[in-house]
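Colleague: If you want the building blocks of each chain, they are given just below.
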Amino acid sequence: QVQLQESGPGLVKSSETLSLTCAVSGYSINSGFYWGWMRQPPGKGLEWIATMYHTGSTYYNPSLKSRVTISVDTSKNQFSLQLSSVTTADTAVYYCTSDRNNWYWAYFWGQGTLVTVSS
Amino acid sequence: QSALTQPASVSGSPGQSIAISCTGTSNDIGGYNYVSWYQQHPGKAPKLMIYESSYRASGVSNRFSGSKSGNTASLTISGLQAEDEADYYCSSYTNSGTLVFGAGTKVTVL
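In the order they appear, the protein sequences are chains S and F.
If you're matching positions, the first sequence starts at 1 in our numbering and goes up one per residue.
If you're matching positions, the second sequence starts at 120 in our numbering and goes up one per residue.
Read the hints as simulated data drawn from the structure, not as lab findings.
Incorrect hints may appear among the rest.
[Unchecked claim] DEER-style ranges, computed between Cβ atoms:
| id | chain 1 | residue 1 | chain 2 | residue 2 | range |
| --- | --- | --- | --- | --- | --- |
| 1 | S | Gly10 | F | Asn214 | 35 to 43 Å |
| 2 | F | Thr227 | S | Lys13 | 38 to 46 Å |
| 3 | F | Thr227 | S | Ser31 | 38 to 46 Å |
[Unchecked claim] Distance condition first, Cα-Cα at most 25 Å in a straight line; then the derived SDA-like pairs of lysine to any residue:
| id | chain 1 | residue 1 | chain 2 | residue 2 |
| --- | --- | --- | --- | --- |
| 4 | F | Lys166 | S | Ser28 |
| 5 | S | Lys65 | S | Ser7 |
| 6 | S | Lys13 | S | Ser57 |
| 7 | S | Lys65 | S | Gly26 |
| 8 | F | Lys187 | F | Gly162 |
| 9 | S | Lys65 | F | Thr144 |
| 10 | F | Lys163 | S | Thr21 |
| 11 | S | Lys44 | F | Gly198 |
| 12 | F | Lys166 | S | Lys13 |
| 13 | S | Lys44 | F | Ser193 |
| 14 | F | Lys187 | F | Gly198 |
| 15 | F | Lys163 | S | Leu114 |
Positions of the beta carbon are idealized from the N, C-alpha and C atoms, including for glycine.
Model the full structure from these sequences, guided by the hints.
Modeller: Structure representation (structure tokens):
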């Protein structure tokens, strides 16, 4: 059973870069699966950010693509999200996600981590 | 404004059946079978309930079913139970190569 756990700063200053890591357990990250990120502003709905296949193919939300970097560290069995030039609109609970078969949905989710962007 | 339209709330009594609609366009729901539904309890991560419009995710009760007709997808909950009270989100792949969500529907068990 895949388990995901997000980690990273809970507070980021406006214009800086948000960096989060998702530790994967129960599965080797370079053996397959799609690995991704979604977010949810407080009291609002879900937004897909980006998803990467274990081979490196990456799919981005066009509205965020210019600011997003998603990468995998196979030595640590984890993957990461970087979101640059953040504003208060980027304040949200960030979830790392995974699915065995494709990136159109996600079966596995981390518990989520709240990132607040201060002005 | 979300790309997919869901009712803000739906309610029903225990044992009843309810349906949540999710309306898009031919560029998303109408063009692909890549519709999914998520259940989210307060303070918890979303849980995948339905994928590919009508397939139940592993471990999901058969009281949950999904369907699609034209540009509208639906999630039906039969035999409504107190534990079904949650927010439900639909999602679809789009012809722009992205995923879009609805704003969510709050299900209340009366």
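Colleague: Would you mind marking each hint as holding or not holding in the structure?
Modeller: Outcome of the hint check:
1. For the pair Gly10/S and Asn214/F, the supplied restraint of 35 to 43 Å holds, since their beta-carbon distance comes to about 37 Å.
2. Thr227/F and Lys13/S have their C-beta atoms about 39 Å apart, which keeps the hinted 38 to 46 Å range intact.
3. Here the CB-CB span from Thr227/F to Ser31/S is close to 42 Å, well matched to the stated 38 to 46 Å.
4. With a C-alpha separation of about 22 Å, the suggested pairing of Lys166/F with Ser28/S holds against the 25 Å cut-off.
5. With a C-alpha separation of about 22 Å, the suggested pairing of Lys65/S with Ser7/S holds against the 25 Å cut-off.
6. Under the criterion of a C-alpha separation no larger than 25 Å, the hint pairing Lys13/S with Ser57/S is inconsistent with the structure, at around 30 Å.
7. Distance hint between Lys65/S and Gly26/S is unfulfilled; the C-alpha atoms sit about 30 Å from each other, more than 25 Å.
8. Of the pairs offered as hints, the one joining Lys187/F and Gly162/F is violated, with about 29 Å between alpha carbons and a cut-off of 25 Å exceeded.
9. Distance hint between Lys65/S and Thr144/F is fulfilled; the C-alpha atoms sit about 24 Å from each other, no more than 25 Å.
10. For the suggested pair Lys163/F and Thr21/S, the alpha carbons sit about 19 Å apart, so the restraint of at most 25 Å is met.
11. The hinted pair formed by Lys44/S and Gly198/F fails the criterion: a straight-line CA distance of about 28 Å is larger than 25 Å.
12. Between Lys166/F and Lys13/S the CA atoms are separated by roughly 31 Å; this puts the pair beyond 25 Å, and the hint is violated.
13. Distance check on the hinted pair: Lys44/S and Ser193/F sit about 21 Å apart at the alpha-carbon level, within 25 Å; holds.
14. About 21 Å separates the Cα atoms of Lys187/F and Gly198/F, which keeps this hinted pair within 25 Å; it holds.
15. Among the hinted pairs, Lys163/F with Leu114/S is consistent with the structure: their alpha-carbon atoms are about 12 Å apart, no more than 25 Å.
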